[in-house]
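**Q** Chains as they are written, first to last, in this note's numbering: chain G, 1 to 137; chain V, 1 to 138.
Hints listed in this document are in silico derivations from the structure and should not be mistaken for laboratory results.
Careful: at least some of the hints might be erroneous.
[Unchecked claim] Derived SDA-like pairs (lysine to any residue); straight-line CA-CA distance at most 20 Å: (1) V:43 <-> V:88; (2) G:112 <-> V:123; (3) V:126 <-> G:114; (4) V:126 <-> G:121; (5) G:112 <-> V:3; (6) V:126 <-> V:43; (7) G:132 <-> V:136; (8) V:84 <-> V:136; (9) V:126 <-> G:132; (10) G:112 <-> V:43; (11) G:112 <-> V:32; (12) V:43 <-> V:69; (13) G:112 <-> V:84.
[Said to hold, decoys possible] Now the stretches of chain G that chain V is said to cover, found in silico as 3 or more residues with beta-carbon under 8 Å: (14) 18 to 25; (15) 98 to 106; (16) 111 to 118.
This structure is a prediction, so every number in the text was calculated from the model and none was measured.
Beta carbons are placed, not taken as given, at the ideal position from N, Cα and C, and that holds for glycine.
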Amino acid sequence: MLNRLTDQLNFQTQALSLRSERQRLLASNIANADTPGYQARDMNFAQALRDATAGNASAGTLSTTQSGHISSAAGSGSASQLLYATAAQTNLDSNTVDMDRERANFADNSVKYEATLRFIGGSVRTALDAMKSPNAA
Amino acid sequence: MSMFQIFSISGSAVSAQSQRLNVVASNLANADTVAGPDGQAYKARQVVFQTAMVGAGNDAASAGVRVSTISEDQTPGRRQLDPKNPNADADGYVTYSNVNTVEEMVNMISASRSYQNNIEVMSTAKNLLLKTLQLGQS
């Protein structure tokens, strides 16, 4: 029973970690909107989440073989999965940051980050409610 | 927590954009000067941005910005016939700075928009982090 609750918590934690990773990526793109030659990056979120929650070490993530090893957090080994965005409109300085797209993605990611936060809060509250004594109410 | 790096990323961008604004201000201030600090006509300056990796490692996801160089525009300045001017050359022409005011105004608007964008990114990240801190409460 509790295992099932923590399973969902684990999934949402991975999702939150990846969301924060993507937030950082989009912030980099917005920061480099005026840098000549900068190529905008983004991640395939669905694929990254699938890899992070699959449980098996995918290519690019570190495997822990000894007790002293620290497991790599979700997304930290995902540099190889980063994709390059193509420019919607070509630019003379070959910068591929599309500010409208980045701002939309950033807002979208912020809302989904908050949603994930609420899912985690809901799971925690459910678990706490389940542990409460019926007489305490 | 990787979100904390957003402050360094956007912070570096804000600082680079403010440097760009600074250069635009110098250019606009000197749009009508005849002689710069070196006795020659003032030359318009432009900042050149470069991607700078923030934090440990060479993580492509945390790319900040820094100003790599400030280059001087080498196009010849505007020449005007004004023999009475003490700065006139042997032919009676005065060389003004090569600042293009319209270009500088466009540059200024672009810099201020980018500045605002990055500030907004920082405030969103701050709100999200504060909400993360309140996780499990209430």
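**Q** Does each hint fit the structure? Answer for all of them.
**A** Evaluated hints:
For the proposed pair residue 43 (chain V) and residue 88 (chain V), the alpha carbon gap of about 18 Å is at most 20 Å, so the pair holds. Under the criterion of a C-alpha separation no larger than 20 Å, the hint pairing residue 112 (chain G) with residue 123 (chain V) is consistent with the structure, at around 17 Å. A threshold of 20 Å between alpha carbons decides the hint, and for residue 126 (chain V) with residue 114 (chain G) the separation of about 12 Å falls inside it, so the pair holds. Distance restraint check for residue 126 (chain V) and residue 121 (chain G): the Cα-Cα separation of roughly 19 Å lies within the 20 Å cut-off, and the hinted pair is therefore satisfied.
A distance of roughly 15 Å separates the Cα atoms of residue 112 (chain G) and residue 3 (chain V); the hinted pair therefore holds under the 20 Å criterion. For the suggested pair residue 126 (chain V) and residue 43 (chain V), the alpha carbons sit about 41 Å apart, so the restraint of at most 20 Å is broken. Among the hinted pairs, residue 132 (chain G) with residue 136 (chain V) is consistent with the structure: their alpha-carbon atoms are about 16 Å apart, no more than 20 Å. Proximity of residue 84 (chain V) to residue 136 (chain V) is assessed by CA-CA distance (about 78 Å); at most 20 Å being required, the pair is judged violated.
For the given pair, residue 126 (chain V) sits about 34 Å from residue 132 (chain G) by alpha-carbon distance, which is inconsistent with the 20 Å threshold. Among the hinted pairs, residue 112 (chain G) with residue 43 (chain V) is inconsistent with the structure: their alpha-carbon atoms are about 49 Å apart, more than 20 Å. Of the pairs offered as hints, the one joining residue 112 (chain G) and residue 32 (chain V) is violated, with about 52 Å between alpha carbons and a cut-off of 20 Å exceeded. Our distance criterion of 20 Å between C-alpha atoms is met by residue 43 (chain V) and residue 69 (chain V), whose separation comes to about 15 Å.
Distance hint between residue 112 (chain G) and residue 84 (chain V) is unfulfilled; the C-alpha atoms sit about 69 Å from each other, more than 20 Å. Restraint check on the segment 18 to 25 of chain G versus chain V: 5 residues with Cβ-Cβ distances below 8 Å, three needed, restraint holds. Only residues whose beta carbon comes within less than 8 Å of a beta carbon in chain V count, and the segment 98 to 106 of chain G has 3; three or more means the coverage holds. For the segment 111 to 118 of chain G, the stated coverage by chain V holds: 3 residues have a C-beta nearer than 8 Å to a C-beta of that chain, and at least 3 were required.
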